[in-house]
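If you're matching them up, the sequences are chains A and B in order. When we follow the numbering used here, the leftmost residue of the first sequence carries the number 1, and every step to the right adds one. When we follow the numbering used here, the leftmost residue of the second sequence carries the number 1, and every step to the right adds one.
None of these hints come from the bench; they were simulated from the model. Nothing here was measured: the structure is a model prediction, and the numbers come from that model. Among the hints, erroneous ones may be present.
In this list, chains with the same sequence are indistinguishable; a pair is considered to hold if it fits within one copy or across any two.
List of simulated lysine-lysine pairs, DSSO-like, C-alpha gap at most 27 Å [as the list claims (entries may be wrong)]:
1. Lys448 / Lys368
2. Lys449 / Lys362
3. Lys363 / Lys448
4. Lys179 / Lys420
5. Lys363 / Lys449
6. Lys189 / Lys179
7. Lys394 / Lys368
8. Lys448 / Lys418
9. Lys420 / Lys394
10. Lys5 / Lys179
11. Lys111 / Lys250
12. Lys116 / Lys449
13. Lys449 / Lys369
14. Lys331 / Lys449
15. Lys331 / Lys250
16. Lys418 / Lys363
17. Lys331 / Lys448
18. Lys250 / Lys449
19. Lys179 / Lys250
20. Lys362 / Lys448
There are 2 protein chains.
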Amino acid sequence: MATDKIRIFDTTLRDGEQAPGCSMTLREKLRVARALSELNVDIIEAGFPAASPGDFEAVKAIADENLGPTICGLARCHPEDIEKVHAAVKGADKHRIHVFVATSAIHREYKLKMAKEEIIKSAVGAVQHARELCDDVEFSPEDASRTELAYLAEVVTAAIEAGATTVNIPDTVGYTVPKEFDRLFRYLKEHVPGIDDITLSVHCHDDLGMAVANSLAAVAAGARQIECTINGIGERAGNCSLEEVVMALKTRSEFFDLDTEIDTTRLYPTARLVSGITGMAIPRNKAIVGENAFAHEAGIHQHGMLQHHSTYEIMRPDDVGISKSNLVLGKHSGRHAFRDRVRELGFKLDEFETNRAFQEFKKLADRKKDIYDGDIEAIIMNVDSSSSGPWLLKSLNVTSGTDEEATASLTLIDESGKEKNESANGDGPVEAAFRVLEDTTGIDLDLKKFELHSASVGEDAQGEATVTVEYDGYSYRGHGTSTDIVEAACRAYLEVINRILRRRELGKQDGPVAADINRASI
Amino acid sequence: MATDKIRIFDTTLRDGEQAPGCSMTLREKLRVARALSELNVDIIEAGFPAASPGDFEAVKAIADENLGPTICGLARCHPEDIEKVHAAVKGADKHRIHVFVATSAIHREYKLKMAKEEIIKSAVGAVQHARELCDDVEFSPEDASRTELAYLAEVVTAAIEAGATTVNIPDTVGYTVPKEFDRLFRYLKEHVPGIDDITLSVHCHDDLGMAVANSLAAVAAGARQIECTINGIGERAGNCSLEEVVMALKTRSEFFDLDTEIDTTRLYPTARLVSGITGMAIPRNKAIVGENAFAHEAGIHQHGMLQHHSTYEIMRPDDVGISKSNLVLGKHSGRHAFRDRVRELGFKLDEFETNRAFQEFKKLADRKKDIYDGDIEAIIMNVDSSSSGPWLLKSLNVTSGTDEEATASLTLIDESGKEKNESANGDGPVEAAFRVLEDTTGIDLDLKKFELHSASVGEDAQGEATVTVEYDGYSYRGHGTSTDIVEAACRAYLEVINRILRRRELGKQDGPVAADINRASI
């Protein structure tokens, strides 16, 4: 199927979400899926339905929205896994079942304890089963880059004969280099019958910093699908970064002569969204979407060095959706301007959410002169995360200082409207606030990490707090925002407590569960 | 000079330090230079002496320590630049002058407004001048990757004839891809007389995410020096990351058959040091040194998936200096254990600094049960940054809450021992604290960014605050640490105020100055 179009297969919600600290709730996954659809990716790998009931529900919810891109789910070569994927994805007009099995000697020996022939049999059975349920079936030989070439060709041949319509070659451990990967793809092109009739795909990890270059080596050698994630999130050093590989193809189009259908002006808003949801800050020096990526453009004095933008710039900020204006809103900005800005920032809110966010915006505008994009993003993340109880923060007061122990007093309201007022001491105001939250709600968390960033500029900027905690063997992350950093921290902590309490009632759907997901590495 | 050894040329202190927000003080640069020497890099590019008196002083101070690696300084093809480099670096037994001039059409036309012949004349004159002063001279044709191949060969030939001992090929704008760069290097190898008698070097930027792969393509095609930075810091998307390129060569040694002399067990401590000093956090999913890079090792439940480490791990944490123990110290740990740990973390402190840090450690151990590596790093960064007045924080008290405006009261002591006590209000405790600091000291800063991280785990962890501010057209960054986050913020803000006041007295040596450095991009 030689074509000049490269399909972009986004696995932010599967391989990305598996990374420690990147797990997302159902609502967050839906929001990311909508943004990926706006970005116009070809395929969304929405999860690994057999991993947990929560994963199944999330894949199903995304498929049922029928956003446009093909919705894909991952399955081991087990009948139950495959059936679960099918049940989860079938709500989307275009859907795909993706089955994988490891093929390298080290995985055969230490992980699967299976012989070469058994693995082929397993792969063929799984692909055939999947094809009975679905016309669009992808097969991945895990750890392909460390698999013997001849055996890899044998496995791929069998998978194609069994009906796979896409074959994906993962560099599971981020081990290969471009020249070597080029040879692997050319070898397959030469030795696998029928390989020109299916879509050949590439899936790279960044352990040696070469995921983008390896993916591009693969497409230069005939691959026509790239698997990647927003901001390159993923296990260990992460996956190939979508924004980098897409902009490399676009910027060097005269070299590659290959196109994607990505709307590159959605890259920056999508990157910000995923960063906000996962709490994985975008490094300042991240290519394409980092704060410094276009620093020559950002008002830094150039002392006449820069007479022509392309002297030091091979892309324009506009190309990737970085608006030069950073339009500032203020207390006189109306609902219309606010709603437009929200949309430009890549958020899709329903009427109810827009109203809530606009109210928060007006409240903030009373306290803060200029409202920047970062402030608006913070409002929206906050509206989303703090929307459900059972506990609401009514008031919080702290005193602290070098001369005394810190004290935090707070009033929480539960669902029945009953108020509870308590106070506690601590070494600093945040410790005191966390203690009083634990005392009041009876949920004792184990704080692993606390981070806080200003959402915009100025001493009156809002602080966005992120806490990472463990409770009962599970890992949780909470966000909170306020112009008062102690309050922001408190809201983040309370968000987690509320989530744990809701989860107790509702089962496991809503809790991000990093530790017990039966993870799949390809 | 074909050899199997790759020289590692570290430009963290020149190209890295030029990145927005990465400027360092003289003390910080010295500390990084010492760490680079422990890491055993071959060449340290210590700065661009003609850029400012502060840059000159820093390069000279580093050269005068005679740490072992070759000390290099950058110069335009101007006699004064070259003489300044020589004056700055000559204190080191091994020293190098690095001259550059742009050669691409776009730079010739828009930046230099010089014809091809003029550029060659300028390069030849500069190399000859440098060779009169120094035996070790490097030449870089800026934007080489966008220069016409034949003209590039002509320039390089002329530079070698003029006496250049190293010729460096920069991909200044991060534009090239491995296959193209391979062709460029092979072309030069074929068309430049004498190229086998000099060291061919490569210098890559990461704008399209391919700096590491491009550098490796160059060495596979004959380059024997790689220019890179710790954590890949540098302008825009940054430079080739030292730790990634070194570990790629080591991990895939059977593919490349090339060695470096880097002590890879110093990679992680050095990365942490540079991150701490520049305030550029290491992304969790950063290859080699990110928190998740070895996540399979980090105690995450594997549900039996991991019978053998190499199933998912191509490097060992030990190889890059990540200690598995994360040795915990406590209140009963003595000076000896503390000093050992400080050394293992990559810090070199003198007797006075060790004593101060140990006192802080004991104070912290009284308040906090377990002292982790992060806490120790925070103490050391703090001891370093808060060591000079004129203002010292004596006490700070804040009250804040949802029901009232925040108030901060503080007492500062000036150098004469006079106390000043003031208070101010704000929307949150940090705003109130910043206001009262400004009122008390008379220095009005423009806050651009505020960040805070927990230094270790637990609700009693210390918070490390980083503020980025502008004052009088200059950009400054301050750090502060405390178990009380408001106090940490306050210390960070006060550090900047003190630096500005000291700078007013002492001239410009001590102030990081991002905006007015006459920057050199290669």
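To see whether the hints hold, each was checked on the structure:
{"no.": "1", "hint": "Lys448 / Lys368", "verdict": "between (32 Å within a copy, 15 Å between copies)"}
{"no.": "2", "hint": "Lys449 / Lys362", "verdict": "between (31 Å within a copy, 23 Å between copies)"}
{"no.": "3", "hint": "Lys363 / Lys448", "verdict": "between (32 Å within a copy, 22 Å between copies)"}
{"no.": "4", "hint": "Lys179 / Lys420", "verdict": "neither (65 Å within a copy, 66 Å between copies)"}
{"no.": "5", "hint": "Lys363 / Lys449", "verdict": "between (30 Å within a copy, 22 Å between copies)"}
{"no.": "6", "hint": "Lys189 / Lys179", "verdict": "both (15 Å within a copy, 19 Å between copies)"}
{"no.": "7", "hint": "Lys394 / Lys368", "verdict": "within (22 Å within a copy, 31 Å between copies)"}
{"no.": "8", "hint": "Lys448 / Lys418", "verdict": "neither (31 Å within a copy, 41 Å between copies)"}
{"no.": "9", "hint": "Lys420 / Lys394", "verdict": "within (10 Å within a copy, 36 Å between copies)"}
{"no.": "10", "hint": "Lys5 / Lys179", "verdict": "both (22 Å within a copy, 21 Å between copies)"}
{"no.": "11", "hint": "Lys111 / Lys250", "verdict": "between (40 Å within a copy, 26 Å between copies)"}
{"no.": "12", "hint": "Lys116 / Lys449", "verdict": "neither (44 Å within a copy, 56 Å between copies)"}
{"no.": "13", "hint": "Lys449 / Lys369", "verdict": "between (32 Å within a copy, 17 Å between copies)"}
{"no.": "14", "hint": "Lys331 / Lys449", "verdict": "between (35 Å within a copy, 22 Å between copies)"}
{"no.": "15", "hint": "Lys331 / Lys250", "verdict": "neither (40 Å within a copy, 57 Å between copies)"}
{"no.": "16", "hint": "Lys418 / Lys363", "verdict": "within (25 Å within a copy, 42 Å between copies)"}
{"no.": "17", "hint": "Lys331 / Lys448", "verdict": "between (38 Å within a copy, 21 Å between copies)"}
{"no.": "18", "hint": "Lys250 / Lys449", "verdict": "neither (38 Å within a copy, 33 Å between copies)"}
{"no.": "19", "hint": "Lys179 / Lys250", "verdict": "both (22 Å within a copy, 17 Å between copies)"}
{"no.": "20", "hint": "Lys362 / Lys448", "verdict": "between (34 Å within a copy, 23 Å between copies)"}
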